[in-house]
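Trainee: For reference, the chains in residue letters:
Protein chains: 2
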Amino acid sequence: MALPKTNIAGCETVAVSANCDPRGCLFEIYRQSWPGAFPTVQWNACASNAGVVRGAHVHVDYHEFYTLPRGRVLLGLSDIRRASPTYRTSVQIEWADQDGFAVAIPPGVAHVVLFEEDSVLAFGLSDYWKAEYDVVGCQWDDPDLRFTWPTRPVVRSRRDAAAGSYGAMLQHYEELLARINGHHK
Amino acid sequence: MALPKTNIAGCETVAVSANCDPRGCLFEIYRQSWPGAFPTVQWNACASNAGVVRGAHVHVDYHEFYTLPRGRVLLGLSDIRRASPTYRTSVQIEWADQDGFAVAIPPGVAHVVLFEEDSVLAFGLSDYWKAEYDVVGCQWDDPDLRFTWPTRPVVRSRRDAAAGSYGAMLQHYEELLARINGHHK
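Chains A and B supply the protein sequences, listed in that same order. Take the first sequence: its position 173, counting from 1, is numbered 173 in our numbering, and each next residue is one higher. Take the second sequence: its position 39, counting from 1, is numbered 39 in our numbering, and each next residue is one higher.
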């Protein structure tokens, strides 16, 4: 299939290799040398049941390289970087394991994953996860994210269910970013 | 649970973090800084159905970091490195996604995976996969591997079904190793 485009600056879809046969599928999900990829020091995997929603979350201090070795999701991406040429651009991508692509998500791009089947999402991180920066998010269906979601019950974490508004997320993101940039001076 | 030991030199089990809740499980499957881990430039994911066997395979030119984000397997490991202090040591490990460990497999350690449930195995590689070196293997139930397998029908690839004996694998491995070491001189 043709690679979908996100139209968000720095948020690239990357072709991955999928070889399926009666045993299952073997995927090359990441090569550091691929255009659009970057060095990773950490990998996480998220096994989620159908009907689960994770997000909206946004990271401040690392890029993520999302891959989908099993299942089907609806991914929402929204650029909240005020300085970005694509600030406020939002996109939703239907994504199944055999579609043959990965998605590179830079810091400052808010993301929501709706799991439409039991799925495994595996993702590389450009820097180590740190609890103190993993706090930025908002309601997955906040109108300012400009997503359209199916109307059916979903399962969320307590944290996601208690998240604030898009406006509060934006402010929080910018405060954290200023703090991190201050540390780096 | 306590980390299982392989008793094979350089073949380490590594504790990983598993956080499960009603949505599913979020795993930290790899940090480059973990003792027993190593830098990875490639990641593969293998989604396999229950009853599939992959192997025996042995790599010549890279280490693999095996993780199991979903499912349950029976993993067989056997040291075929003549110079290793644990040459001919074999071990089998029952392994389920929530057991909280990964397995680092060095070159020269033959491995077989029997998938006992629909599973996803994700693994990091210390160097890029090259087709010309991915040719070394033998029958998964060759007695010289010293494994004990359940007696039930399994699904294999044509390549695995046509593989030769342990002895032929050993010879092939050592020839390839000599060729690679020759290239590096």
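Honestly, the hints are just simulated from the structure, not real lab data. Check each hint, because a few of them may be wrong.
Copies of the same chain look alike in the list, so a pair counts if it fits in one copy or across any two.
[Stated by the list, open to error] No farther apart than 25 Å at their CA atoms in a straight line, the calculated lysine to aspartate or glutamate pairs in the DMTMM-like style are these: (1) LYS5 with GLU175; (2) LYS130 with GLU28; (3) LYS130 with GLU94; (4) LYS5 with GLU94; (5) LYS130 with ASP99; (6) LYS130 with GLU117; (7) LYS130 with ASP21; (8) LYS130 with GLU116; (9) LYS130 with ASP144.
Just so it is clear, the structure is predicted and the values come from calculations on it, not from any experiment.
Trainee: Now tell me if each hint is right for this structure.
Mentor: How the hints compare with the structure:
In this assembly of identical chains, LYS5 and GLU175 lie within 25 Å of each other by CA distance neither inside one copy nor across copies; the values are 30 Å within and 46 Å between. Taking identical chains as interchangeable, the C-alpha atoms of LYS130 and GLU28 lie at most 25 Å apart only when they sit on different chains, with a minimum of 12 Å there against 27 Å within one chain. Proximity of LYS130 to GLU94 under the C-alpha cut-off of 25 Å is found in neither arrangement, the shortest distances being 29 Å within a copy and 32 Å between copies. For a Cα distance limit of 25 Å, the shortest separation of LYS5 from GLU94 inside one copy, 12 Å, qualifies, whereas the shortest one across copies, 42 Å, does not.
In this assembly of identical chains, LYS130 and ASP99 lie within 25 Å of each other by CA distance solely across copies; the values are 23 Å between and 31 Å within a copy. Taking the shortest Cα distances, LYS130 and GLU117 never come within 25 Å of each other, neither inside one copy (29 Å) nor across copies (33 Å). In this homomeric assembly, LYS130 and ASP21 come within 25 Å of each other (Cα to Cα) only across copies, at 20 Å, whereas the closest approach inside a single copy is 39 Å. Taking the shortest alpha-carbon separations for LYS130 and GLU116, neither the intra-copy value of 29 Å nor the inter-copy value of 35 Å comes in at or below 25 Å.
Within a single copy, LYS130 and ASP144 get their C-alpha atoms no closer than 27 Å, and across copies no closer than 46 Å, so neither meets the 25 Å cut-off.
Violated hints, in rising order: 1, 3, 6, 8 and 9; the structure is consistent with all others.
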